[in-house]
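Given the coordinates of chain A, work out where chain B should sit on it, guided by the hints.
As they're listed, the protein sequences go chains A and B.
Going by our numbering, the first residue of the first sequence is number 27, and it counts up by one from there.
Going by our numbering, the first residue of the second sequence is number 27, and it counts up by one from there.
One should not assume that every hint holds.
Unchecked claim - DMTMM-like cross-link-like pairs, simulated, lysine to aspartate or glutamate; straight-line CA separation at most 20 Å:
1) B/K377 with B/E403
2) A/K209 with B/E204
3) A/K106 with A/D136
4) B/K246 with B/D173
5) B/K304 with B/D291
6) B/K391 with B/D357
7) B/K272 with A/E66
8) A/K304 with A/D291
9) A/K272 with B/E58
10) A/K244 with A/E164
11) A/K272 with B/E228
12) B/K272 with A/E58
13) B/K209 with A/E204
14) A/K391 with A/E358
15) A/K246 with A/D167
16) A/K391 with A/D365
17) B/K272 with A/E63
18) B/K272 with A/E228
19) B/K391 with B/E403
20) A/K272 with B/E66
21) B/K391 with B/D354
22) B/K303 with A/E204
23) A/K246 with A/E204
24) A/K272 with B/E63
25) A/K106 with A/D80
26) A/K377 with A/E419
27) B/K106 with B/E122
28) A/K303 with B/E204
For the record, the hints were derived by calculation from the structure and aren't laboratory data.
There are 2 protein chains.
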Amino acid sequence: MDPTTTLRALLICLLILPAALPAQEALFSRQEIVSPEIHEDKSVTFRFQAPHADSVQITGDFLPTVKMQTPYGEMDVPGKASLVRDENGVWSFQSEALAPELYTYAFIVDGLRATDPNNPFLIRDVASVTNLFIIPGERADLYRVQDIPHGTVARRWYDSPGLGMDRRLTIYTPPGYEASREKYPVLYLLHGAGGDEEAWIELGRTAQIMDNLIAQGKAKPMIVVMPNGNVIQDAAPGQGSRGFYKPAFMIPRTMDGTYEAHFMDIVNFVEANYRVKKNQKARAIAGLSMGGFHTMHISRYHPNTFDYMGLFSAAIMPREDATAAVYDRIDETLKAQMDNGYALYWIAIGKSDFLYPANVAFRKKLDEMGMPYTYRESEGGHIWRNWRIYLSEFVPMLF
Amino acid sequence: MDPTTTLRALLICLLILPAALPAQEALFSRQEIVSPEIHEDKSVTFRFQAPHADSVQITGDFLPTVKMQTPYGEMDVPGKASLVRDENGVWSFQSEALAPELYTYAFIVDGLRATDPNNPFLIRDVASVTNLFIIPGERADLYRVQDIPHGTVARRWYDSPGLGMDRRLTIYTPPGYEASREKYPVLYLLHGAGGDEEAWIELGRTAQIMDNLIAQGKAKPMIVVMPNGNVIQDAAPGQGSRGFYKPAFMIPRTMDGTYEAHFMDIVNFVEANYRVKKNQKARAIAGLSMGGFHTMHISRYHPNTFDYMGLFSAAIMPREDATAAVYDRIDETLKAQMDNGYALYWIAIGKSDFLYPANVAFRKKLDEMGMPYTYRESEGGHIWRNWRIYLSEFVPMLF
Chain A
27 MDPTTTLRAL
37 LICLLILPAA
47 LPAQEALFSR
57 QEIVSPEIHE
67 DKSVTFRFQA
77 PHADSVQITG
87 DFLPTVKMQT
97 PYGEMDVPGK
107 ASLVRDENGV
117 WSFQSEALAP
127 ELYTYAFIVD
137 GLRATDPNNP
147 FLIRDVASVT
157 NLFIIPGERA
167 DLYRVQDIPH
177 GTVARRWYDS
187 PGLGMDRRLT
197 IYTPPGYEAS
207 REKYPVLYLL
217 HGAGGDEEAW
227 IELGRTAQIM
237 DNLIAQGKAK
247 PMIVVMPNGN
257 VIQDAAPGQG
267 SRGFYKPAFM
277 IPRTMDGTYE
287 AHFMDIVNFV
297 EANYRVKKNQ
307 KARAIAGLSM
317 GGFHTMHISR
327 YHPNTFDYMG
337 LFSAAIMPRE
347 DATAAVYDRI
357 DETLKAQMDN
367 GYALYWIAIG
377 KSDFLYPANV
387 AFRKKLDEMG
397 MPYTYRESEG
407 GHIWRNWRIY
417 LSEFVPMLF
Chain B
27 MDPTTTLRAL
37 LICLLILPAA
47 LPAQEALFSR
57 QEIVSPEIHE
67 DKSVTFRFQA
77 PHADSVQITG
87 DFLPTVKMQT
97 PYGEMDVPGK
107 ASLVRDENGV
117 WSFQSEALAP
127 ELYTYAFIVD
137 GLRATDPNNP
147 FLIRDVASVT
157 NLFIIPGERA
167 DLYRVQDIPH
177 GTVARRWYDS
187 PGLGMDRRLT
197 IYTPPGYEAS
207 REKYPVLYLL
217 HGAGGDEEAW
227 IELGRTAQIM
237 DNLIAQGKAK
247 PMIVVMPNGN
257 VIQDAAPGQG
267 SRGFYKPAFM
277 IPRTMDGTYE
287 AHFMDIVNFV
297 EANYRVKKNQ
307 KARAIAGLSM
317 GGFHTMHISR
327 YHPNTFDYMG
337 LFSAAIMPRE
347 DATAAVYDRI
357 DETLKAQMDN
367 GYALYWIAIG
377 KSDFLYPANV
387 AFRKKLDEMG
397 MPYTYRESEG
407 GHIWRNWRIY
417 LSEFVPMLF
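Excised from the complex, chain A in its bound form (with noise of 0.2 Å):
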């Protein structure tokens, strides 16, 4: 075959098999839009084509929030911003210079939210799908994919036989883990409501945050494993044997003691069938919001196994008059683990986060018990971009 035969099948490959999928109409009069444009002083241009519509609006994490009213109060929510159209029906928008981070969005046209044809990443966050970018630079550079050694993420199933059914969970390996002969550490990190074992993996960027830490030495090698939290579910929405099914934020018996109970099938699969160090110094545990929660009841439940607890934007809600069986013996429990002892105790929220009235009580609750721990307040409320920052902050104080 000489050169222009080959060229001319590659222009048939091109033009043709994208006509046969859906609404590739436009696909020969179509202009290539670029969208989102990360400019070289970082700010960002979007760009929608929409000729008939009357307005289109972007809103994300990036544009100041604004007040909006619930009713459970006043709360702080991603702003908007309206795109311009030209005389092409392309609608467009030019962002401020922005700081570095991974930030999301979505467009609003003529009132109804979509996402940007011109982004194909996009991200799910419980049922609730948008588009991502990254500013690099800084922190945000711990989220990119880096030309560094690379770490290994598998989906694996495991028996629970406390919960009778397998069940599947997400498992980081360190560079070199397949080749050495060294036992490492373990990392458990744990999901918040509505979230299942792909969430920190794809919102948190788990993997790209591990090896850029490992890579700059500031992180110890170590396995992180991401289970599901969901003791009705064997796997995320979409991966399990439900099928496809929208994504609740309020799954039952997630908050009923269930998990914790059963927790160290978990634990004891992962020592079974890694390469790992079996002891309490070997072992952190850390959750976010209802993950910091389960980390909180786990870790006393079981006040022998982890040396390392995290606690990022916890749903904690202690009370002196708790009737709720998750928590039984809690200060009997949380007495133990103190008195047992432990290298870490890290509570971590943002000042603006509506669970943080419920860790100045926690926090109270364990100063009356002089129960160390260590506290990070940062700005922000009850967002991934915290949870990233905490993950990231966590992580070098490990092992």
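For chain B alone, coordinates are given in the frame of chain A:
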């Protein structure tokens, strides 16, 4: 904490957390829309809320195809159907009863393509993102996650000395692999132009097909390696050091022989790092479109290496006057491959595939040489539906 307090806390989470996501402004007033809704009789209702739209259509591979004129002739593309608006501004369309299959679709709102905001399950094909759903039954049950033993899917990086970089691949190890002492055979499964190491696992449902065929006793437990065939990429768009960018269909140097010349980097990595049988009888290679072209060339470049070849809708256009470097010594090496012997040379293509004539010419060449092959002709064209079917048929013939 008493149960009422727990409930109130969960309600706060439910109401406030989604409000922190972009564009959830209708949080407290919106109605819950179910889309797609799969009915008992296997018809499907699609719904889209758009009170201000003038027209809402749907396109997808469950609709009858229509003819479309292209510069290269008439093509079959998915048709469209119109949704009907109700008094609340919710548009809907109910399909006919659908045959069991994995289907993809998108909406067209006032002429603009839009994904379904009520279906968070999306799939990327090159730069296009569509929603998906599965009608269960028959062969579609191979594409579903069933309550059976599951293999492990890992994204892992390997060193390619030939290409001078670390590269990412996806690898499926069958249920029981980790605990076994057995050695396994390996299928190398290659993507098409515009694809990458995510294509077969996501669009091809490889893990589900393998789990199901193995559980049914129809396929032997095997390892499936899904590498990246774009030699200028270290990983899929968004997963490599180039970061996020719009995936392209035409990528330089994908069909110039470079990948074929260095393919043993992948085989060597797998055989050094996994418990596999290291002989020709335990190696298979298959690919779709460009991956079929790669399969044909790789298997003749390395004629003592693979015992099973699968060319799915292969982009092979051999010419007697071939001058492109990848075609060097084609007759000689094909003859060497034939003389050396193999278990299976499987060629599959759809009747309306634009590569059908090229495959006729290739089979004619093989016939003239006396080179044995098995031929499978299906309905349809150059589409993922066929590639999932071909994989499901090819795998049971292996090892």
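Going through the hints against the structure:
1. B/K377 with B/E403: Roughly 7 Å separates the two Cα atoms, so the pair holds.
2. A/K209 with B/E204: holds, 17 Å
3. A/K106 with A/D136: holds, 13 Å
4. B/K246 with B/D173: Cα-Cα ~19 Å, so holds.
5. B/K304 with B/D291: The given pair, whose Cα atoms are some 14 Å apart, holds under the 20 Å limit.
6. B/K391 with B/D357: holds, 9 Å
7. B/K272 with A/E66: The given pair, whose Cα atoms are some 18 Å apart, holds under the 20 Å limit.
8. A/K304 with A/D291: holds, 14 Å
9. A/K272 with B/E58: Answer holds: A/K272 to B/E58 is near 11 Å, not above 20 Å.
10. A/K244 with A/E164: holds, 15 Å
11. A/K272 with B/E228: holds, 19 Å
12. B/K272 with A/E58: holds, 11 Å
13. B/K209 with A/E204: holds, 17 Å
14. A/K391 with A/E358: holds, 13 Å
15. A/K246 with A/D167: With Cα atoms ~19 Å apart, A/K246 and A/D167 stay inside 20 Å; holds.
16. A/K391 with A/D365: Given that 20 Å is the threshold and the Cα spacing comes to 16 Å, the pair holds.
17. B/K272 with A/E63: OK: B/K272 and A/E63 at ~11 Å, within 20 Å.
18. B/K272 with A/E228: Distance ~19 Å between B/K272 and A/E228 Cα, so the pair holds.
19. B/K391 with B/E403: holds, 18 Å
20. A/K272 with B/E66: The given pair, whose Cα atoms are some 18 Å apart, holds under the 20 Å limit.
21. B/K391 with B/D354: holds, 16 Å
22. B/K303 with A/E204: Holds. B/K303 to A/E204 sits at ~19 Å (cutoff 20 Å).
23. A/K246 with A/E204: Answer holds: A/K246 to A/E204 is near 16 Å, not above 20 Å.
24. A/K272 with B/E63: Holds, at about 11 Å.
25. A/K106 with A/D80: holds, 16 Å
26. A/K377 with A/E419: holds, 17 Å
27. B/K106 with B/E122: holds, 13 Å
28. A/K303 with B/E204: Roughly 19 Å between the alpha carbons, so the hint for A/K303 and B/E204 holds.
Hint check: no violations occur; every hint is consistent with the structure.
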